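Undergrad: Protein chains in written order, with this note's numbering: chain A, 1 to 563; chain B, 1 to 234.
Derived from the structure by calculation, the hints contain no laboratory data. Each hint should be verified, as a subset may be incorrect.
Heads up, simulated DSS-like pairs for lysine-lysine below, C-alpha to C-alpha not over 25 angstroms straight-line [as the list claims (entries may be wrong)]:
hint, chain 1, residue 1, chain 2, residue 2
1, A, K212, B, K99
2, A, K300, B, K59
3, B, K231, A, K134
4, B, K231, A, K149
5, A, K150, B, K231
Just the calculated beta-carbon pair ranges, DEER-fashion [as the list claims (entries may be wrong)]:
hint, chain 1, residue 1, chain 2, residue 2, range
6, B, N145, A, K184, 50 to 60 angstroms
7, A, S298, B, S56, 33 to 43 angstroms
8, B, A147, A, R303, 58 to 68 angstroms
9, A, S527, B, R183, 48 to 58 angstroms
Only a predicted model underlies this, so the values are computations on that prediction, with no experimental measurement involved. The beta-carbon is built from N, C-alpha and C at its ideal position, and this holds for glycine as well.
Letter by letter, the chains look like this.
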Amino acid sequence: MARRVQIQLVIVGLLLASQAAAQLNSSNILVSYSFDDGDLATGPDTFSVFAHAKGTVALSLTSHLSGYRSIEIRDVAGDGDFPELQGYFHRRDKGKLFLHFALMTAAPHEELNIALAGPEWFTLRKDGIGFWLKSQDGYLCQVSDSMPKKLFLLSPFVWYVVNVAYDIDRGTYDLAIDKEGQPKPIVSLSGQMNAPNQPGSVVDKFSFIGDKGEDTSNATYYVDDVVVGTDEAVVQLPFVAPGRRKLFIDYWNESQRRLRSQPGPLEVIELSDLGIRSREIQLLRDEGLWDLLLQLISGKKRRADIPRDLSAESSQLLQAVDFWKDACEAMTKGEAKAALSGFEKADQLIPSGKIYGMDAVLALAALGAWQEVDNRLGRIYSIWQGDLRFPVALAKIGLARQNLDEAEQWLREPAERVPDELGRSLLRRLRSGEIDENTLEALRNRFPDNWTDRIRDALIAEEYFFVLLWKNQTSEAQQFAERMLVRYQTLGIPSSKWLERLGDVLFLMNNFSGALERYDESLKEDSRNTGVLVKLSDVYFRLGDLEGERLYREKIYGKLSQE
Amino acid sequence: MFRSPFVSSPPHLVSLRLGRSNWIVTELLLLMAMTCLGVSVQAAPIETNTVQTLISQRKVDELKKLGPEVLPVMARLYESSNEADRTRIAETFYQLGWKSAEAKRVLMKDVHTQNQYLRLQVQWALGRVSNDVDVVEVLLSNMQNDANPLFRDKAACALAYDQIHLTEKQKVRLYQGLIQSLRDSKRDVRRIALLALSIQTGQTKNFNPDAPADQREASIREWEKWLEEYKSNL
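Full structure from sequences and hints, please.
TA: Structural data, given as structure tokens:
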């Protein structure tokens, strides 16, 4: 009840403070915390608390603007970390956003930072920090147009109420700040450029911290009545469990699907993939360029490092690798158009590098250019037919087309052919995801006749499991995961990944006690797997054990308790 | 590209940590050192051999535990080492990120070396051991004038990412130099100067290093106007 009253007060404040403010009601509110009620669960849809050193983020009874509690953020210089309250809201990429909060500092000369930011997090760039307040030499400053601008000298133990009307499209904001006991705002600015002077800068989170990691601040300050609202009604899903509007496993499942539906470049397993065979290897060695080639492949060197005085053939080989490497990075960032251009340049320079053509096809798939995908696939089919990565590539294309049947069809046969033979430490490394040049070389030497089967195992099994899961073939997914688990355990290979997968499928089959058992086993094998921690939180929630739910959730998102 | 291990953590958890680290513009820095200051009176002198071993084994965390008193020892070691070892020590100065006049003094001696590996490590480390104006000056000069494009490029990298101790006021010289470099006759210098500026400020003012001179000049005037406003806000 107290919270609801506070929200009303804040809305009035917002309307008064900003000429641009639209009518706000509960459907326009993205976030509201007065810190008075008990429902302050941390989580991906509320906020995280970071307090891993001496600094703290705690509920405070001693200082508050409204109700009976606020948040106290206390930074300690030299403790190796900084405390933080980081909150999340529905991503906003257009329209107006209104931010309201109250702030009181005990030590004006100690640094504090408050920001609204987007998917590029707390960096000064588009989609990074949009709105930024910081204290500097006792002054509260706004960072606007990439420069700190003084607003006023902070007084200790005085509440300031900050209202921001942030215009996402224009990249500007209006700022009004009231000081406790003063009848008029002490700051009233309009049309301020946002922090990096970037129109259209997306926002989805806020943060309250001391210093930015320099570890020099001894700030203690209080925050109350945080509200984020919009100029249009927002449909938000209800909370399904503390701190989250979806279960962690659903977030995870969706993100896996999103990740795997975005075609990425195919794995290179031979230098010949790059058009580099024994003759080219000798040529590069003769010209003293072998190390440079390896460094270009690993990304340690770039185009600028390629010398000018080398043979035309070596130059083309190295430039192709460089274009390809850049394109791979672009693809990973979701810049499929730039990636396509890079792969095509590499392909033109070295047509015998078969990976270039295939990666270009995958970039086209990412762009949804299906006709061109089919045309080009037809052209390269003959050189790829029989390659163990070919079904993987086709499955990736199938997933990008949202065609799960097609993806499954390509993966089923090679996935079921995963060998049962006893392995060695090499297989352990391979199956643990350590696919690198050394492993591959050793693998080729150890298993000259069937080393490709091992690669297939590592590349295909998980992809196949997920496709089964997404086709709702949970029984088949469970059986497949159990088979993989038995194989791994027989071979003496760490099996935490497949234990987790079994837990996942059991959870989705509503067998929560079975899932709990598998997740526990997985965590015993690999205690660093934070993904299992949040899934355990889901399991305990489903089992009705709210203490267990909270314990595991707070291991990741932190906790808010009274000082 | 070799396949990395399958992601087992939800991406939002991964990015949570990434995002948090973005706030972190510097590492532990001097205050880790300050905690050591209290015990320094009674602490045993740091053995050169110990430091040498830790550097060669890349045990930066162990070096950090020794506190800032390790810096003069490292500087002395640097002066008596060959180029390969100096490269490694420079890299360690970079990783420590602690201000040190001694470190700056010895690193500056190699800021024009033609040894590629040493030069890059020195250029990167300088801004992490000092905020003196001559460090910014020498990096700006290398960025504009070095005969080797690689050294120019990496000097710009250092100016973009590694000037971690500069105050807002000290950044004026950095911005001035970068904006001035937008007028350079070499296209690559204009490009890397813009890149450093955009990393520092998040904006480009529509400067295009390949555009005709008059168009470039218009953007440069925007930058100069911006710098004047920046100075007026100090």
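Undergrad: Indicate, hint by hint, whether the structure satisfies it.
TA: Now for the hints, and whether the structure bears them out:
1. Restraint check: the Cα-Cα separation between A:K212 and B:K99 comes to about 18 angstroms, which is no more than 25 angstroms; the hinted pair holds.
2. Proximity of A:K300 to B:K59 is assessed by CA-CA distance (about 22 angstroms); at most 25 angstroms being required, the pair is judged to hold.
3. Simply put, B:K231 and A:K134 have alpha-carbon atoms about 18 angstroms apart, close enough for the 25 angstroms limit, and the pair holds.
4. Restraint check: the Cα-Cα separation between B:K231 and A:K149 comes to about 10 angstroms, which is no more than 25 angstroms; the hinted pair holds.
5. Between A:K150 and B:K231 the CA atoms are separated by roughly 12 angstroms; this keeps the pair inside 25 angstroms, and the hint holds.
6. A C-beta distance of roughly 55 angstroms is found between B:N145 and A:K184, which places it inside the suggested range of 50 to 60 angstroms.
7. Distance hint check for A:S298 and B:S56: the Cβ-Cβ separation is about 23 angstroms, which falls outside the suggested range of 33 to 43 angstroms.
8. Against the hinted window of 58 to 68 angstroms, the Cβ-Cβ separation of B:A147 and A:R303 comes to about 18 angstroms, which falls outside the hint.
9. In this structure the supplied range 48 to 58 angstroms holds for A:S527 paired with B:R183, their Cβ-Cβ distance being about 56 angstroms.
Comparing the model with each numbered hint stated earlier shows that hints 7 and 8 do not hold.
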